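Novice: Starting from the known structure of chain A, fit chains B and C onto it as the hints suggest.
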Amino acid sequence: MHMADALISPVVGAAMLASGAGLAAYSGVKLKNEMDEKKIPLMGVMGAFIFAAQMINFSIPATGSSGHLGGGLILAAILGPYAGFLSMAVILLIQALVFADGGLLAYGCNVVNLAFFTSFIVFPFIYKPILGKSQKPGRIMAASIIGAVAGLQMGSFAVVLETFFSGKTELPFGTFLLLMQPIHLAIGIIEGIVTGFILTFVMSARPDILQSAGESKPLKAGSVTKIIVSFSVAAVIIGGFVSWFASSFPDGLEWSMANTSGQEELDSPGGIHDSASGIQEKTAFLPDYGFKTNTMNAGEPEEPAAESWPSPSLGTTVSGLAGGALVFGLAALIALVIWMAKRMSNGAFDKSKSGRS
Amino acid sequence: MIFPVFWVACLQEDSISHHYIDFKGVSFIYPDNTQALSDINLHICHGESVGIIGANGAGKSTLLELITGILLPQEGEIVVGGIAVTKKTLASIRRHVGFTFQNPDNQVFMNTVWEDVAFGPRNYLLSEEAVEKKVTAALETMGILHLKDRPPYRLSGGEKRSAAIASVLALEPDILLMDEPSSDLDPRARRKLIALINQFTHTKLITSHDLDLVLETCKRVIVLHKGTVVYDGSPIEVFKDEKSLHTWGLEKPLTMSDCLVCDSKKNRGQ
Amino acid sequence: MNSNTESFLNLRFFDDLSAKRTFVHSIHPLFSLIVACLYLFSVISVEKYALSRLFPLVLYPFIIIPLAEIPFLKLLKRTVYVLPLVIGIGIFNPLFDNQEMLIAQGISINAGWISFAVLVIKAELAVLGALILFATTGIVNIAYALRLLRVPRFFVLQLLLTYRYITLMNLETARLLNAYALRAPDQKGIAMKAWGPLAGQLLIRTFDAATHVYHAMKLRGFDGEYRSGRRFSVSFKDFAYAISWLGFFILVYFFDISGFLGSLFTGG
Chain A
1 MHMADALISP
11 VVGAAMLASG
21 AGLAAYSGVK
31 LKNEMDEKKI
41 PLMGVMGAFI
51 FAAQMINFSI
61 PATGSSGHLG
71 GGLILAAILG
81 PYAGFLSMAV
91 ILLIQALVFA
101 DGGLLAYGCN
111 VVNLAFFTSF
121 IVFPFIYKPI
131 LGKSQKPGRI
141 MAASIIGAVA
151 GLQMGSFAVV
161 LETFFSGKTE
171 LPFGTFLLLM
181 QPIHLAIGII
191 EGIVTGFILT
201 FVMSARPDIL
211 QSAGESKPLK
221 AGSVTKIIVS
231 FSVAAVIIGG
241 FVSWFASSFP
251 DGLEWSMANT
261 SGQEELDSPG
271 GIHDSASGIQ
281 EKTAFLPDYG
291 FKTNTMNAGE
301 PEEPAAESWP
311 SPSLGTTVSG
321 LAGGALVFGL
331 AALIALVIWM
341 AKRMSNGAFD
351 KSKSGRS
Chain B
1 MIFPVFWVAC
11 LQEDSISHHY
21 IDFKGVSFIY
31 PDNTQALSDI
41 NLHICHGESV
51 GIIGANGAGK
61 STLLELITGI
71 LLPQEGEIVV
81 GGIAVTKKTL
91 ASIRRHVGFT
101 FQNPDNQVFM
111 NTVWEDVAFG
121 PRNYLLSEEA
131 VEKKVTAALE
141 TMGILHLKDR
151 PPYRLSGGEK
161 RSAAIASVLA
171 LEPDILLMDE
181 PSSDLDPRAR
191 RKLIALINQF
201 THTKLITSHD
211 LDLVLETCKR
221 VIVLHKGTVV
231 YDGSPIEVFK
241 DEKSLHTWGL
251 EKPLTMSDCL
261 VCDSKKNRGQ
Chain C
1 MNSNTESFLN
11 LRFFDDLSAK
21 RTFVHSIHPL
31 FSLIVACLYL
41 FSVISVEKYA
51 LSRLFPLVLY
61 PFIIIPLAEI
71 PFLKLLKRTV
81 YVLPLVIGIG
91 IFNPLFDNQE
101 MLIAQGISIN
111 AGWISFAVLV
121 IKAELAVLGA
131 LILFATTGIV
141 NIAYALRLLR
151 VPRFFVLQLL
161 LTYRYITLMN
171 LETARLLNAY
181 ALRAPDQKGI
191 AMKAWGPLAG
201 QLLIRTFDAA
211 THVYHAMKLR
221 GFDGEYRSGR
231 RFSVSFKDFA
241 YAISWLGFFI
251 LVYFFDISGF
261 LGSLFTGG
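Residue numbers (our numbering), protein chains in the order written: chain A, 1 to 357; chain B, 1 to 270; chain C, 1 to 268.
Chain A with its partners taken away, still in its complex shape (with noise of 0.2 Å):
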């Protein structure tokens, strides 16, 4: 699942940013240092492989629904986990240029979730390991669908995490956990077959291309654990530096302390609160609104929105609302006017419309 730029705070998206930038860096002068030129071409041409493969659908047998390729395995199985990693960063980058598949603030988010985990945890600890040196059918099998189970759970979590860090949503740890998991559970099944299935072709029909693979040295536990120690540093220290710069705002402690107070909303005192207010509310007939507001507005002073503009966090009333259809219709005016100019001057739409057909 992509991450989209709109659950994510600039906080968790920043740190992620960092992290997917150090491990894409880290694994650009690894290849470098050990990688045979050729697969330069197999990279991205693989890459391109995975967005065609993504659309072809795999019928479920008995039960009428279809699964899709995700790609993270198959391209480290083919390309060894730093290239594979790259291939999947850079099939990413695209999705969210192109396709509105993730965001551009959430691209750190996205790498480290769709790509990290299969690449640099899957590959070497778990797919690795089970299909040792014998490339059976039935290893590559078992190796595909638990590497392809393993990455998609890993994936799914850090989405939970990544949400429920950011605060912007109200869904409560564990039920989005209970939600995420079993989904990805059974996507991660299919994703394996899948996988399990075309390695196997390939392995009876080209054994050359996989052992072209099998040769890029799985990565030594000490490799992996520098990684991960670096990444979570990196992330820490990004994480504080941009808290740190935010709160020197202004504006930033709000922006902060959104962030904290989200996270204790969702945590379990919240739970409790939460429903005792949704009880608080079925049972009165008219709500409370001035007391509402001020739970609302807790640790804030109560003022107008108008006048407390450095305080967005102070909801939204009336008058910012009438406000807003007003800005939004000017700038639509601007938009229609914009547009009307260009009409005319000269037809230039018409003339670049014309060039191209």
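Hints are computed from structural coordinates only; laboratory data are not their basis. Note that the coordinates shown come from a computational prediction; the quantities given were computed from them, not determined experimentally. Where is the CB? At the ideal position from N, CA and C, for every residue including glycine. Warning: the hint list may mix true and false statements.
Pairs of lysine to aspartate or glutamate residues, derived as DMTMM-like cross-links and limited to a Cα-Cα distance of at most 20 Å, are as follows [stated by the list, open to error]:
{"no.": "1", "chain 1": "B", "residue 1": "88", "chain 2": "A", "residue 2": "37"}
{"no.": "2", "chain 1": "B", "residue 1": "240", "chain 2": "B", "residue 2": "251"}
{"no.": "3", "chain 1": "B", "residue 1": "148", "chain 2": "C", "residue 2": "16"}
{"no.": "4", "chain 1": "A", "residue 1": "38", "chain 2": "A", "residue 2": "208"}
{"no.": "5", "chain 1": "B", "residue 1": "252", "chain 2": "B", "residue 2": "241"}
{"no.": "6", "chain 1": "C", "residue 1": "77", "chain 2": "C", "residue 2": "16"}
{"no.": "7", "chain 1": "B", "residue 1": "133", "chain 2": "B", "residue 2": "149"}
{"no.": "8", "chain 1": "B", "residue 1": "87", "chain 2": "A", "residue 2": "101"}
{"no.": "9", "chain 1": "A", "residue 1": "30", "chain 2": "C", "residue 2": "16"}
{"no.": "10", "chain 1": "A", "residue 1": "342", "chain 2": "C", "residue 2": "16"}
{"no.": "11", "chain 1": "B", "residue 1": "226", "chain 2": "B", "residue 2": "179"}
{"no.": "12", "chain 1": "B", "residue 1": "252", "chain 2": "B", "residue 2": "216"}
{"no.": "13", "chain 1": "B", "residue 1": "88", "chain 2": "A", "residue 2": "36"}
{"no.": "14", "chain 1": "B", "residue 1": "240", "chain 2": "B", "residue 2": "258"}
{"no.": "15", "chain 1": "A", "residue 1": "38", "chain 2": "C", "residue 2": "223"}
{"no.": "16", "chain 1": "B", "residue 1": "24", "chain 2": "B", "residue 2": "184"}
{"no.": "17", "chain 1": "B", "residue 1": "88", "chain 2": "C", "residue 2": "223"}
{"no.": "18", "chain 1": "A", "residue 1": "32", "chain 2": "C", "residue 2": "223"}
{"no.": "19", "chain 1": "A", "residue 1": "38", "chain 2": "B", "residue 2": "149"}
{"no.": "20", "chain 1": "C", "residue 1": "74", "chain 2": "A", "residue 2": "101"}
{"no.": "21", "chain 1": "C", "residue 1": "77", "chain 2": "A", "residue 2": "101"}
{"no.": "22", "chain 1": "B", "residue 1": "87", "chain 2": "A", "residue 2": "37"}
{"no.": "23", "chain 1": "C", "residue 1": "20", "chain 2": "B", "residue 2": "149"}
{"no.": "24", "chain 1": "A", "residue 1": "32", "chain 2": "C", "residue 2": "225"}
{"no.": "25", "chain 1": "A", "residue 1": "38", "chain 2": "C", "residue 2": "16"}
{"no.": "26", "chain 1": "B", "residue 1": "243", "chain 2": "B", "residue 2": "212"}
{"no.": "27", "chain 1": "A", "residue 1": "38", "chain 2": "C", "residue 2": "225"}
{"no.": "28", "chain 1": "B", "residue 1": "226", "chain 2": "B", "residue 2": "39"}
{"no.": "29", "chain 1": "B", "residue 1": "24", "chain 2": "B", "residue 2": "77"}
Quick list of simulated restraints, FRET-style, between CB atoms [claimed, not checked]:
{"no.": "30", "chain 1": "C", "residue 1": "193", "chain 2": "A", "residue 2": "325", "range": "55 to 61 Å"}
{"no.": "31", "chain 1": "C", "residue 1": "235", "chain 2": "B", "residue 2": "184", "range": "39 to 45 Å"}
{"no.": "32", "chain 1": "B", "residue 1": "226", "chain 2": "A", "residue 2": "37", "range": "30 to 36 Å"}
{"no.": "33", "chain 1": "A", "residue 1": "129", "chain 2": "C", "residue 2": "197", "range": "27 to 33 Å"}
{"no.": "34", "chain 1": "A", "residue 1": "332", "chain 2": "C", "residue 2": "247", "range": "20 to 26 Å"}
Specialist: Structure of chains B and C alone, referenced to chain A:
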């Protein structure tokens, strides 16, 4: 049946600056143990245009790939302009040799025609002005300057082929190798291609199933059959010899065949 | 199959748009990229309940889209992919967040619905921002901007190669799926026994194509380094463009334009 392998000596024999190609006892076996070429001995002169023909699997593409060093022979030696093709000399050989692939999609690998043609010159660390000059010149030669910002999938088969050739011309090679240049071309694009090939003064080696194209562009023909050279000489001579052509899995060029519509006989061999 | 041609058309849509020559297209790609990132940052920084603070941010797409001659509805159609996810997760906000929020004397609304609306609009704006960036720059210029940001050559080359071969692989897959569908007319999707051979064949072809591409690159002097030679000169216009947007984003960030305008009219 087997023709004597003959060819007159080149008019001007070699000095280093001349771009000749020598095959000395070259054999090549693929990793799956198919013998693609066995004991090939050839001398291709500077400025010569040579057609290489033969049925599928006769070893035509292998022969070209050996010249570029994409493949290296197990036996024998290939010498290009005085330099033997080995792993160490690849870089300098490739500066002189231009190769157009059978499938232009594999050759036009960048996202616009301009970027693709500029790829080679940029690798040789030319200044951006020099790159621009070379790219413009190559695109103009091929008559596709107006396509420079097009993505490759927006090109017709002929345009893609032209872009592929331009990408090679931008490097100003001395020797031009073309693998099946007229496949997937419509008749008009093919006609243009023939005119273009005839303009080039390079040493040219062209493999093709399109024997009419060979007839119009090459003064010498080499026939490969099961990995060996079975004929080396004038195109007209060999194209008249229907019996041998049949043995090698080839057909007479259409321009030399009897006309089914107007009943004219062209079989000059009889 | 449908989604297959769809992604092909998607690329074509953006390649055509990015080939236009409008004022927005003439901006140095690095400046376009920075402005787009600042915009996305402004969008996602909007507070959970601050619905009114989101409205001024529509100005960015509303100015760029007509200025860059992007067909608005066609672009909008391409942003819907992200909505199911955001709606799916966001819909829990009204369920779990039952606090009442006073928006005017006597009128209140469930806060969860407000934060849900904020989430959905944010998702829409963020996606628009990214797509606008791509539609006004294109892959070659994005790659160039990334190089200026010191993104390693290696990564940029991968981006270009992958992008180039998406269209080709898509057409190839479409042909393969057509061939399959013609011989299995009543079947939905690909039967299990064909999973390996079908996608495996495609993978083998991919591998062989990659080998050819590699040789084609090597023959043209490729030594493992990608060199993007394209040069854009930075002009006053680029700075003016970036600074005006930056100023606007800062204004929107610190000043509640909607609230201010609204209070003028409603007197609230």
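Novice: Now tell me, hint by hint, if it's right for this structure.
Specialist: Hint-by-hint comparison with the structure:
no.: 1; hint: B/88 / A/37; verdict: holds, 16 Å
no.: 2; hint: B/240 / B/251; verdict: holds, 10 Å
no.: 3; hint: B/148 / C/16; verdict: holds, 14 Å
no.: 4; hint: A/38 / A/208; verdict: holds, 14 Å
no.: 5; hint: B/252 / B/241; verdict: holds, 8 Å
no.: 6; hint: C/77 / C/16; verdict: holds, 17 Å
no.: 7; hint: B/133 / B/149; verdict: holds, 16 Å
no.: 8; hint: B/87 / A/101; verdict: violated, 45 Å
no.: 9; hint: A/30 / C/16; verdict: violated, 37 Å
no.: 10; hint: A/342 / C/16; verdict: holds, 18 Å
no.: 11; hint: B/226 / B/179; verdict: holds, 18 Å
no.: 12; hint: B/252 / B/216; verdict: holds, 14 Å
no.: 13; hint: B/88 / A/36; verdict: holds, 17 Å
no.: 14; hint: B/240 / B/258; verdict: holds, 12 Å
no.: 15; hint: A/38 / C/223; verdict: holds, 11 Å
no.: 16; hint: B/24 / B/184; verdict: violated, 34 Å
no.: 17; hint: B/88 / C/223; verdict: holds, 14 Å
no.: 18; hint: A/32 / C/223; verdict: holds, 12 Å
no.: 19; hint: A/38 / B/149; verdict: violated, 28 Å
no.: 20; hint: C/74 / A/101; verdict: holds, 16 Å
no.: 21; hint: C/77 / A/101; verdict: holds, 13 Å
no.: 22; hint: B/87 / A/37; verdict: holds, 15 Å
no.: 23; hint: C/20 / B/149; verdict: holds, 11 Å
no.: 24; hint: A/32 / C/225; verdict: holds, 10 Å
no.: 25; hint: A/38 / C/16; verdict: violated, 32 Å
no.: 26; hint: B/243 / B/212; verdict: holds, 18 Å
no.: 27; hint: A/38 / C/225; verdict: holds, 13 Å
no.: 28; hint: B/226 / B/39; verdict: holds, 12 Å
no.: 29; hint: B/24 / B/77; verdict: holds, 5 Å
no.: 30; hint: C/193 / A/325: 55 to 61 Å; verdict: holds, 58 Å
no.: 31; hint: C/235 / B/184: 39 to 45 Å; verdict: holds, 44 Å
no.: 32; hint: B/226 / A/37: 30 to 36 Å; verdict: holds, 34 Å
no.: 33; hint: A/129 / C/197: 27 to 33 Å; verdict: holds, 28 Å
no.: 34; hint: A/332 / C/247: 20 to 26 Å; verdict: holds, 22 Å
Taken one by one, the earlier hints fail for this structure at numbers 8, 9, 16, 19 and 25, listed in ascending order.
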